[in-house]
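Asker: So the chains spell out like this:
2 protein chains.
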Amino acid sequence: MPAQRCLHLGAFMRPVSIHTGAWRYPGAWPDANFSFPRLKHLIQRLEAGKFDAFFMADHLALLNMPIEALRRSHTVTSFDPLTLLPALAAVTDRIGLIATASTTYNDPYHVARKFASLDHISNGRAGWNVVTTANPDAALNFGQDEHMAHGERYKRAREFYDVVTGLWDSFADDAFIRDAESGIFWDPSRMHVLNHEGPELKVRGPLNVARPVQGWPLIVQAGASEAGRQLAAETAEMVFAAGGPIADARAFYADVKGRAAAFGRNPDHIKILPGALVVVGTTVEEAREKRALLDSLVHYESAIGSLSIALGVDARAFDPDAPLPDIPDTEASKSGRERAIALARREKLTVRQLAQRLGGYGGAAIVGTPATIADEMQEWLETRACDGFNVMFPYVPGGLEDFVTQVVPELQRRGIFRTEYEGTTLREHLGLPRPENRFFRLAARAAE
Amino acid sequence: MPAQRCLHLGAFMRPVSIHTGAWRYPGAWPDANFSFPRLKHLIQRLEAGKFDAFFMADHLALLNMPIEALRRSHTVTSFDPLTLLPALAAVTDRIGLIATASTTYNDPYHVARKFASLDHISNGRAGWNVVTTANPDAALNFGQDEHMAHGERYKRAREFYDVVTGLWDSFADDAFIRDAESGIFWDPSRMHVLNHEGPELKVRGPLNVARPVQGWPLIVQAGASEAGRQLAAETAEMVFAAGGPIADARAFYADVKGRAAAFGRNPDHIKILPGALVVVGTTVEEAREKRALLDSLVHYESAIGSLSIALGVDARAFDPDAPLPDIPDTEASKSGRERAIALARREKLTVRQLAQRLGGYGGAAIVGTPATIADEMQEWLETRACDGFNVMFPYVPGGLEDFVTQVVPELQRRGIFRTEYEGTTLREHLGLPRPENRFFRLAARAAE
Numbered sequence: 001m002p003a004q005r006c007l008h009l010g011a012f013m014r015p016v017s018i019h020t021g022a023w024r025y026p027g028a029w030p031d032a033n034f035s036f037p038r039l040k041h042l043i044q045r046l047e048a049g050k051f052d053a054f055f056m057a058d059h060l061a062l063l064n065m066p067i068e069a070l071r072r073s074h075t076v077t078s079f080d081p082l083t084l085l086p087a088l089a090a091v092t093d094r095i096g097l098i099a100t101a102s103t104t105y106n107d108p109y110h111v112a113r114k115f116a117s118l119d120h121i122s123n124g125r126a127g128w129n130v131v132t133t134a135n136p137d138a139a140l141n142f143g144q145d146e147h148m149a150h151g152e153r154y155k156r157a158r159e160f161y162d163v164v165t166g167l168w169d170s171f172a173d174d175a176f177i178r179d180a181e182s183g184i185f186w187d188p189s190r191m192h193v194l195n196h197e198g199p200e201l202k203v204r205g206p207l208n209v210a211r212p213v214q215g216w217p218l219i220v221q222a223g224a225s226e227a228g229r230q231l232a233a234e235t236a237e238m239v240f241a242a243g244g245p246i247a248d249a250r251a252f253y254a255d256v257k258g259r260a261a262a263f264g265r266n267p268d269h270i271k272i273l274p275g276a277l278v279v280v281g282t283t284v285e286e287a288r289e290k291r292a293l294l295d296s297l298v299h300y301e302s303a304i305g306s307l308s309i310a311l312g313v314d315a316r317a318f319d320p321d322a323p324l325p326d327i328p329d330t331e332a333s334k335s336g337r338e339r340a341i342a343l344a345r346r347e348k349l350t351v352r353q354l355a356q357r358l359g360g361y362g363g364a365a366i367v368g369t370p371a372t373i374a375d376e377m378q379e380w381l382e383t384r385a386c387d388g389f390n391v392m393f394p395y396v397p398g399g400l401e402d403f404v405t406q407v408v409p410e411l412q413r414r415g416i417f418r419t420e421y422e423g424t425t426l427r428e429h430l431g432l433p434r435p436e437n438r439f440f441r442l443a444a445r446a447a448e
Numbered sequence: 001m002p003a004q005r006c007l008h009l010g011a012f013m014r015p016v017s018i019h020t021g022a023w024r025y026p027g028a029w030p031d032a033n034f035s036f037p038r039l040k041h042l043i044q045r046l047e048a049g050k051f052d053a054f055f056m057a058d059h060l061a062l063l064n065m066p067i068e069a070l071r072r073s074h075t076v077t078s079f080d081p082l083t084l085l086p087a088l089a090a091v092t093d094r095i096g097l098i099a100t101a102s103t104t105y106n107d108p109y110h111v112a113r114k115f116a117s118l119d120h121i122s123n124g125r126a127g128w129n130v131v132t133t134a135n136p137d138a139a140l141n142f143g144q145d146e147h148m149a150h151g152e153r154y155k156r157a158r159e160f161y162d163v164v165t166g167l168w169d170s171f172a173d174d175a176f177i178r179d180a181e182s183g184i185f186w187d188p189s190r191m192h193v194l195n196h197e198g199p200e201l202k203v204r205g206p207l208n209v210a211r212p213v214q215g216w217p218l219i220v221q222a223g224a225s226e227a228g229r230q231l232a233a234e235t236a237e238m239v240f241a242a243g244g245p246i247a248d249a250r251a252f253y254a255d256v257k258g259r260a261a262a263f264g265r266n267p268d269h270i271k272i273l274p275g276a277l278v279v280v281g282t283t284v285e286e287a288r289e290k291r292a293l294l295d296s297l298v299h300y301e302s303a304i305g306s307l308s309i310a311l312g313v314d315a316r317a318f319d320p321d322a323p324l325p326d327i328p329d330t331e332a333s334k335s336g337r338e339r340a341i342a343l344a345r346r347e348k349l350t351v352r353q354l355a356q357r358l359g360g361y362g363g364a365a366i367v368g369t370p371a372t373i374a375d376e377m378q379e380w381l382e383t384r385a386c387d388g389f390n391v392m393f394p395y396v397p398g399g400l401e402d403f404v405t406q407v408v409p410e411l412q413r414r415g416i417f418r419t420e421y422e423g424t425t426l427r428e429h430l431g432l433p434r435p436e437n438r439f440f441r442l443a444a445r446a447a448e
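Just so you know, the protein sequences line up as chains S and V, in that order. Position 440 of the first sequence, counting from 1, maps to 440 under the working numbering, and the rest follow consecutively. Position 169 of the second sequence, counting from 1, maps to 169 under the working numbering, and the rest follow consecutively.
Worth double-checking, as some hints may not be accurate.
[Unchecked claim] Straight line, CA to CA, 30 Å or less: simulated DSS-like cross-link-like pairs of lysine-lysine:
{"id": "1", "chain 1": "V", "residue 1": "K50", "chain 2": "S", "residue 2": "K40"}
{"id": "2", "chain 1": "S", "residue 1": "K202", "chain 2": "V", "residue 2": "K155"}
{"id": "3", "chain 1": "S", "residue 1": "K50", "chain 2": "V", "residue 2": "K50"}
Quick caveat, the hints were computed from the structure, so don't treat them as lab data. From a predicted model like this one, the values you see are computed outputs, not experimental measurements.
Build the full structure now, drawing on both the sequences and the hints.
Answerer: Okay, here's the thing in structure tokens:
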């Protein structure tokens, strides 16, 4: 019988809370995104909670939202992930460090080198969240007039991945001899010059960093589109999935694992971790009250815009403190409209409460006691809706502390989460193999 | 009467020793360039020695040297400076952190953001060594067939500097209010959108990081060409100068300070720190023996190439163990040839010793006891040949330890080096002002 499958937990930390009201919550640190001492405290608490990884998203421009919402946002700026994570590597020992880097607005040589350096500095804990950048404003910060089209971005991303992984394989693992006696520092026959010339990219190589500790840093992706799923199935080792109803999550899980198998990959080597905002209370009622308080901190003027977009009508005309009126069919996405209406009816929300819910964080949430949260996570794990979660906290430090001190021990008691790190690298935490060097593996075989 | 001028000391640490024989020296760490624990130890010792800054050069390709020399080089690879320095920031409190970044092979938005992030993470200790990249092989790693011409590179560098410093000024220092009560996180009227459109670069902005702790990270430059001197005089706050005879250094010092004054700058706000390899012994004789041992570790096959280039003749024809024969005039640089010949005559070096000297490190060196080294440094300081030094160590950790435990106390005893950090930022260590925000200073004045 196979060993009990265990959850993998990432902490999605940029912003430190996804919830737009988080910075106003009683006891919250409003400056957490901006403060290295705060971020250091948070990652050390996550490491005490044995999280697989600290996961840092990114943006290459101000968020493209109306200024009324933007000036109320604690996520308007943040540190560059590839500058922050090395600093956090130096104050931790085991937790993985996943940084987002765009394939649209970077050179592959820089990306390969920075992640290789981070992997060495952290002794094998680096992960690269491969994104193509959704915010079109980024183009204007990188000398371009227009954002590259979706299909083009994914085509470039696929080639970019080949170049970066090829550069990581520039040196065999045994290339560096450092023989003081003979004076030979390294063996040029154990170096491969990539000489890549493709439709989008031209990169000679070799990389000027030794092969990463993990062979390759972990490859992470979050794309949910058809092109995104194909790229993930072919290349990703962790997928940051949408939450959503469990039935949808199971279908997504089966779809992506099936696509990976069709590429000849072992489906166990692609871990699927949906995002979930987790709010912990001593009773379910208390947890719901916490969430309601959090939502109430979202400014109505900003929130009503989110609701109008979801419904496809101008919701500012509605009475904020009355139930949601009947909404006619519109041009807006049917699923988004129906989800919003169903949510309002199910939880008996006023227009204001619904707007603040969607404006705060409209994605998947798990709200309850440590036991009910563990029940829900266990059901997702055991029915193959996921291999774990990318947890988002309602605010910091309190919301994170609740998870680490209350939910983690409950998961450990049930035997579905580690009580100690078994390995030292992020790949080891996730049960993933260390990739062989594509050039030197082939050379060795040819010589046999 | 003005206070005694004091030395400023940078440690030039990529490679950890500039000397190509360093990794073979008895007691040396051959893997120091590759090992975060080693680098962490070294920077903590430099901080104990009250150094102004840890200075990390960079290369964007393998060094362009013959493979016979390259496979004996401990500098063939190294960590990306902007990935290493944040990690070192997290394990230090005061020492400055200067990273090299190329204006030819980077986007200004990334450079501005990474240095701003490093400045926040280190609480005001970041410096940017602005380079245009000399190694033409870098072009091939960045999708280009040819390295940009020298003049073009400097033109782009000047504009790049304007963009990066403009992006650092995107937010007024008081832009972030974080008023939980009103829900206003920041004030859009305290944000400036750069909208730069120049001949080389087009960048909208704003940067998505708050203004750096230092206003702007320190600007460092090392160019010695006419274009390099002009760029330094106009923009640099620290110049990494060549060493060379003291008379030349005085002329360079006067020239660059004069050019800065011509740009309307305060000449005290541009600090000139020549590089110097410093070898410490208990007697002058012992220091010279240490250096001779170090030179003897340079492989003759690699070294003789350096000598041939310097002399402009094929030096492999000479008897390695005989004195240097008479050398006819050649097409090679006259000053390089004459320096090599004069060195051989002055120190009575054999062909092999001369080759190994030039192949090991041909630049300026200070070799002696703590007292003679301090004498020399003091003379340079007092006769305005420099404002300090970028020190290079013969090997690590021993050569660095010799400097910190023997030379630093001698300089402190003479009152020409700090015994404690007076401030917390790199600018404060160097006595440099915090730049005003160009956009919000003007706005404030206009409102007066």
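Asker: Hint by hint, note whether the structure agrees.
Answerer: Evaluation of the provided hints:
A distance of roughly 25 Å separates the Cα atoms of K50 (chain V) and K40 (chain S); the hinted pair therefore holds under the 30 Å criterion. Between the alpha carbons of K202 (chain S) and K155 (chain V) the distance comes to roughly 25 Å, so the proposed pair stays at or under 30 Å and holds. This hinted pair does not check out: K50 (chain S) and K50 (chain V) have alpha carbons roughly 37 Å apart, beyond 30 Å.
Of the hints listed earlier, the one the structure fails to meet is number 3.
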